[in-house]
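The first sequence lines up with residues 264 to 858 when you count with the working numbering.
By construction, these hints were calculated from the structure, which means they are not laboratory data.
Idealized CB from N, CA, C, for every residue including glycine.
You may find that some hints are simply not true.
[Unchecked claim] Distance windows between CB atoms, simulated:
(1) Glu579 - Lys492: 30 to 36 Å
(2) Glu661 - Asn724: 14 to 20 Å
(3) Gly413 - Ile499: 48 to 54 Å
(4) Asn724 - Phe298: 36 to 42 Å
(5) Glu690 - Arg438: 54 to 60 Å
(6) Glu575 - Gln601: 24 to 30 Å
(7) Thr676 - Ser819: 34 to 40 Å
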Amino acid sequence: MSIQTVLEAKVKEAILSIFGAELTSVEFQPTRKDFEGDVTVVVFPMLRVVKGNPVQIGEQLGAFLKDAVDEVSDFNVVKGFLNLVLRDAFYVGFFNGIKEASNYGFVEERTADAVMVEYSSPNTNKPLHLGHIRNNLLGYSVAEILKASGKKVYKTQIINDRGIHICKSMVAWQRFGNDKTPENTGLKGDKLVGNYYVAFDKAYKVEIAKLVADGVDEKIAAKEAPILKEAQEMLIKWEAGDAEVTSLWKRMNAWVYEGFAITYKNMGVNFDKLYYESDTYLLGKDVVADGLRKGVFFKKEDGSVWIDLTDEGLDEKIVLRSDGTAVYMTQDIGTAIQRVNDYPDIKGMVYTVGNEQDYHFKVLFLILKKLGFSWAEHLHHLSYGMVDLPSGKMKSREGTVVDADDLMNDMTTTARELSEELGKLEEYSHEEKQELYKMVGMGALKYYILKVDPKKRILFNPEESVDFQGNTGPFIQYTYARIQSILRKANNAGVVLSRTIETSFKLHEKEKELIKQLQLFPETIQLAATNFSPALLANYVYDLVKEFNSFYQQVSILGETDEQKKALRVQLSQKVSEVIESGFKLLGINVPERM
RNA sequence: GGUGGCAUAGCUCAGCUGGAUAGAGCACCUGCCUUCUAAGCAGGCGGUCCUAGGUUCGAAUCCUAGUGCCAUCACCA
Numbered sequence: 264m265s266i267q268t269v270l271e272a273k274v275k276e277a278i279l280s281i282f283g284a285e286l287t288s289v290e291f292q293p294t295r296k297d298f299e300g301d302v303t304v305v306v307f308p309m310l311r312v313v314k315g316n317p318v319q320i321g322e323q324l325g326a327f328l329k330d331a332v333d334e335v336s337d338f339n340v341v342k343g344f345l346n347l348v349l350r351d352a353f354y355v356g357f358f359n360g361i362k363e364a365s366n367y368g369f370v371e372e373r374t375a376d377a378v379m380v381e382y383s384s385p386n387t388n389k390p391l392h393l394g395h396i397r398n399n400l401l402g403y404s405v406a407e408i409l410k411a412s413g414k415k416v417y418k419t420q421i422i423n424d425r426g427i428h429i430c431k432s433m434v435a436w437q438r439f440g441n442d443k444t445p446e447n448t449g450l451k452g453d454k455l456v457g458n459y460y461v462a463f464d465k466a467y468k469v470e471i472a473k474l475v476a477d478g479v480d481e482k483i484a485a486k487e488a489p490i491l492k493e494a495q496e497m498l499i500k501w502e503a504g505d506a507e508v509t510s511l512w513k514r515m516n517a518w519v520y521e522g523f524a525i526t527y528k529n530m531g532v533n534f535d536k537l538y539y540e541s542d543t544y545l546l547g548k549d550v551v552a553d554g555l556r557k558g559v560f561f562k563k564e565d566g567s568v569w570i571d572l573t574d575e576g577l578d579e580k581i582v583l584r585s586d587g588t589a590v591y592m593t594q595d596i597g598t599a600i601q602r603v604n605d606y607p608d609i610k611g612m613v614y615t616v617g618n619e620q621d622y623h624f625k626v627l628f629l630i631l632k633k634l635g636f637s638w639a640e641h642l643h644h645l646s647y648g649m650v651d652l653p654s655g656k657m658k659s660r661e662g663t664v665v666d667a668d669d670l671m672n673d674m675t676t677t678a679r680e681l682s683e684e685l686g687k688l689e690e691y692s693h694e695e696k697q698e699l700y701k702m703v704g705m706g707a708l709k710y711y712i713l714k715v716d717p718k719k720r721i722l723f724n725p726e727e728s729v730d731f732q733g734n735t736g737p738f739i740q741y742t743y744a745r746i747q748s749i750l751r752k753a754n755n756a757g758v759v760l761s762r763t764i765e766t767s768f769k770l771h772e773k774e775k776e777l778i779k780q781l782q783l784f785p786e787t788i789q790l791a792a793t794n795f796s797p798a799l800l801a802n803y804v805y806d807l808v809k810e811f812n813s814f815y816q817q818v819s820i821l822g823e824t825d826e827q828k829k830a831l832r833v834q835l836s837q838k839v840s841e842v843i844e845s846g847f848k849l850l851g852i853n854v855p856e857r858m
C-alpha cells in the first residue's frame, strides 16, 4: 500500500473523529522545496464540510497524523497547507524494496489487452524527411511506453504505394531517367525515385507555362498538361493490371523500400506487420455495401455513397465514388477491419498521423462506431503538430525539406566534432567511436523532438543546430556514462551492492530527494501511456538527472569513508542509471558506457 | 465563413486532475577542474502567463467573448 493511500485513510478518519464530518477525497501534493516537509495535505477543500479556520484544522490534523501514522515524524502548517515530514526509515525502506528489482517501473504484459500502433505510413514516391522523423519517433516511443504500461502492442504501418502521386515519379523516370538505377548511380533508392517526383513537378510547371503562353486558361492548362495526362493514363493502366506498368511499379517501389529500410535502421524503429494500400484499397468496398444495406450509408442519384454526420455536428462525407472506386476513407475502413481480423486480440488502435488529418480520423472513428464494431470505442488518433521551417511548411515537391538521412548524418558529425574536441576516448577503437557518435547524435535529435508536447508544432531552424548541452539527450547520456564510470570503479574497489541499508540510517538531503524522484518513475510511465505523451517521460528523466548531478557535485561517493553511506550512494547511483537507461529506452534512445 | 489546435522570459520549452513567491535550458554576466568524466555544478540577469470579463477561499490552468498564428471543411491522399 502506498503512503498516500495510508495517509488518505487516516486523514478521513481524523476528520471524522475530530469534526464528525466525512471527506470524499483528500488532496495531496509534493511539498515545495521552499518549505520543510515531504508531503503536503491541502486543507482548503475540507472547508466545504468542516467549518473553521484552515490553519487550526491543519494543526489538529497534523497532530493526529503524527500520532497515528508511523511514517510521519513531524508537521507544520503554512496558511492552508499541512506539510508532513516523513521519517528517513520510510525512504530507506522504499529504496531497499526497489533496488534489486530488474524492471522497476514496468508492468507485466496483460495479453488480453492488445493494441495496434500505426506510425510512419510513408508514400513510396519520395524519401523520408523531418516530418516523418517526428512521426516515427513518436509512434515508436508511444508503442514502447504502452508496452511498459502493461499492454500488448503490435507496431504497424500502412504504406501508401499506389495512386496518382506514385505514377508521377514513374512517368518522370520513364521520360528523363535514362535507365538510371540505384546500382548504376550509387544513389539510395528512395532518393533516386524522389528526384523524379521533383522532376515531374518541374516539367509539369513548364508545360503549364507553355500552354498559358499559347493562350490557354491557367486552370485548364493545369488539367490538360500532357505529362499529367500521361500520369493519369498510367494510373488507369495500373488499376487494370497492365503488365508493363505493374512491372515498373514493382521495380521502383523495391528501390524505395531498400532506401527506407536503411533510414528506419538508422532511426532505430521497427514494425511487427506491414500493410500496403495496394492490398487493402478494395477491402472497404464490401463493408460500404454492407453498411448501405443496413442504412448507415446512403446513395446519391449519381451513384456515389455517403454518410450523413450532420447530427454529430459534422458534414456529409463520401465513402465511395460514383464510378464505384474507393476513396481514402473507404480504404481506411477496410484496413481497420482487416487488422482486427488478422489480430483478433486487438481491443484498440492508435493512429500516429499529423493534426492536419484530425477531421478525417474523427469521421473514420464515427463511421466504424456506426457500423457497430466494439473495438471502435477504443480508437485514438495520436495527432501531432507539424514540423515547420522558418521559411514555412516543408514541401517535397518543391524540394524545401530537411531530409531525414542528411539530418541524422549531420547530428552524428556534430557529435564527433564535439567529442574530438573533448578528447576523452583515446582507448576507443575507430568502430567504437563511430557507434558512440551516432548514439549521441541520435540521442540529441530524438530527445529534441520527443521532449516537446506532441500536439504542439515544432519550428526547426536548420541554421541553429540541435543543442548538446543543457536540457538535451547528450546531457542525460553523459550523466549515465559518468555513473557507469563510478560503478566500474566501485566494482574494482569491492563495494558490496547488495548490502541492505538499515532503517535507522540518516539520509543526506540529496539522497532523500533522489529516492523521491525514483518513486515517481512507475506513475510517470502510466501517465505517459494514458496521455500518449513521451514528453512526460523525457521531462521526468531530465528532472531525475538534474537531481543526480546536484547530488554528485555535493557529496563524495567513492571517497566516503563510512561503508554504509558509501554502499547507499553507489546503490543509488546504480538505480538512477537503470532508470535513465529504461526511461530512455522507451524514447528509443540508447545510453553509452563512456563519452 | 464553419470547425479544431496553439499562444508562458530575447529564443526553445516545462507547469499532472485549479493551490503556496510561475520553473528549466539556450543566450548574457560571476564563481568552481592537483579529489568519483566541467557535454557538469553553484549563483546572477530576465515574466502585464495574448486581451477583457466570469466562476472560486484560490486561475497560467476552468467558462464566455475577442485578437493573432496554424490546420481543416474536395468524387486528393
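- Between Gly413 and Ile499, does the beta-carbon spacing fit 48 to 54 Å? Holds, at about 49 Å.
- Query: Between Glu661 and Asn724, is the Cβ distance one that fits in 14 to 20 Å?
  - Reply: This hint holds: roughly 19 Å between Cβ atoms.
- That 24 to 30 Å hint for Glu575 and Gln601 (C-beta), does it hold up? For Glu575 and Gln601 the Cβ distance comes to about 25 Å; the hint holds.
- Between Thr676 and Ser819, does the beta-carbon spacing fit 34 to 40 Å? holds, 38 Å
- Could you see if the CB distance from Glu690 to Arg438 stays within 54 to 60 Å? Hint holds: Cβ distance 55 Å, inside 54 to 60 Å.
- Query: At the C-beta level, are Asn724 and Phe298 separated by a distance inside 36 to 42 Å?
  - Reply: holds, 41 Å
- Does the Cβ-Cβ separation between Glu579 and Lys492 fall within 30 to 36 Å? For Glu579 and Lys492 the Cβ distance comes to about 31 Å; the hint holds.
This entry satisfies every hint, going by the numbered hints stated previously.
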